[in-house]
Every structure is written in structure tokens, then in C-alpha cells.
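Construct all of the structure, not just a fragment, from the sequences and the given hints.
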Amino acid sequence: MPLIDAVPIENFILSVLHILIGMGNSLVDCFLEWVEERVEKLLPVEVEARNRVLYATVQYSNIQSEYERWLETDGILLTDLQLEKKQMKDMLKEKVSTYLFIYVYKYLGNKYKF
Numbered sequence: 009m010p011l012i013d014a015v016p017i018e019n020f021i022l023s024v025l026h027i028l029i030g031m032g033n034s035l036v037d038c039f040l041e042w043v044e045e046r047v048e049k050l051l052p053v054e055v056e057a058r059n060r061v062l063y064a065t066v067q068y069s070n071i072q073s074e075y076e077r078w079l080e081t082d083g084i085l086l087t088d089l090q091l092e093k094k095q096m097k098d099m100l101k102e103k104v105s106t107y108l109f110i111y112v113y114k115y116l117g118n119k120y121k122f
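Residue numbering for the sequence shown follows our numbering, starting at 9 and increasing by one per position.
Since the hints were derived computationally from the structure, they do not count as laboratory data.
Incorrect hints may have been included.
[As the list claims (entries may be wrong)] In silico BS3-like pairs for lysine-lysine, Cα to Cα no more than 27 Å straight-line:
#1 K114 to K101
#2 K97 to K114
#3 K103 to K93
#4 K114 to K103
So this is what it looks like as C-alpha cells:
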């Protein structure tokens, strides 16, 4: 039995927009409840600790990329300098041994007759 006798049932207009808005509101409410259940609630100290870990991770990544860039450019220069230093040491040893041989031969060779 209809609530209003004067309006026949076939003349009712279904408001699709209001139904969609109501369904959307219900969906959003359910989603927000679901998110609230799953979101962890952190203390300010925990938030600060998490932020520090993230900051340290970003810094480490930046330093790592800077180190790799250094290896590609200045690392090669450092290797070249180390090789040059080794060559100079070898040349110095050779000169010292040559001068030592000359000294021994010149000053001690006369006494022992090499």
C-alpha cells in the first residue's frame, strides 16, 4: 500500500545521482575504516627514528654514487700516480745500487783487487 495515495507508483522518479552519491559515500567510509585499522600509529620518537633512517639511507646512496664517480675520474689519476711512484722508487733503487757498486769498486776495489 503506497504512503501517498494521490501519486501513482508509475510516476515515481528514481534519483540516480543521489543513489550514486550515497553509494560513493558508503564506499569512502568503508575504505577509510579499513585504512585506519591497518595504519600503524607511531610515537613521535618512532617517527623521528624512521625519518633519520630514511635520511641516512639517502645520504649513503648519494655518497656511494659520488664515490663511484670519483673512481671513474680521480681514481684513475690516483692509480697513475701510484704507478709513477713505484717506477720512481725502482729507478732510485737502481741508481743507488749503481752508485754503491761504483763506490765499492772505486774505493775498496783497490784494496781487494776485484
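Broken hints, numbered, in rising order?
-> none
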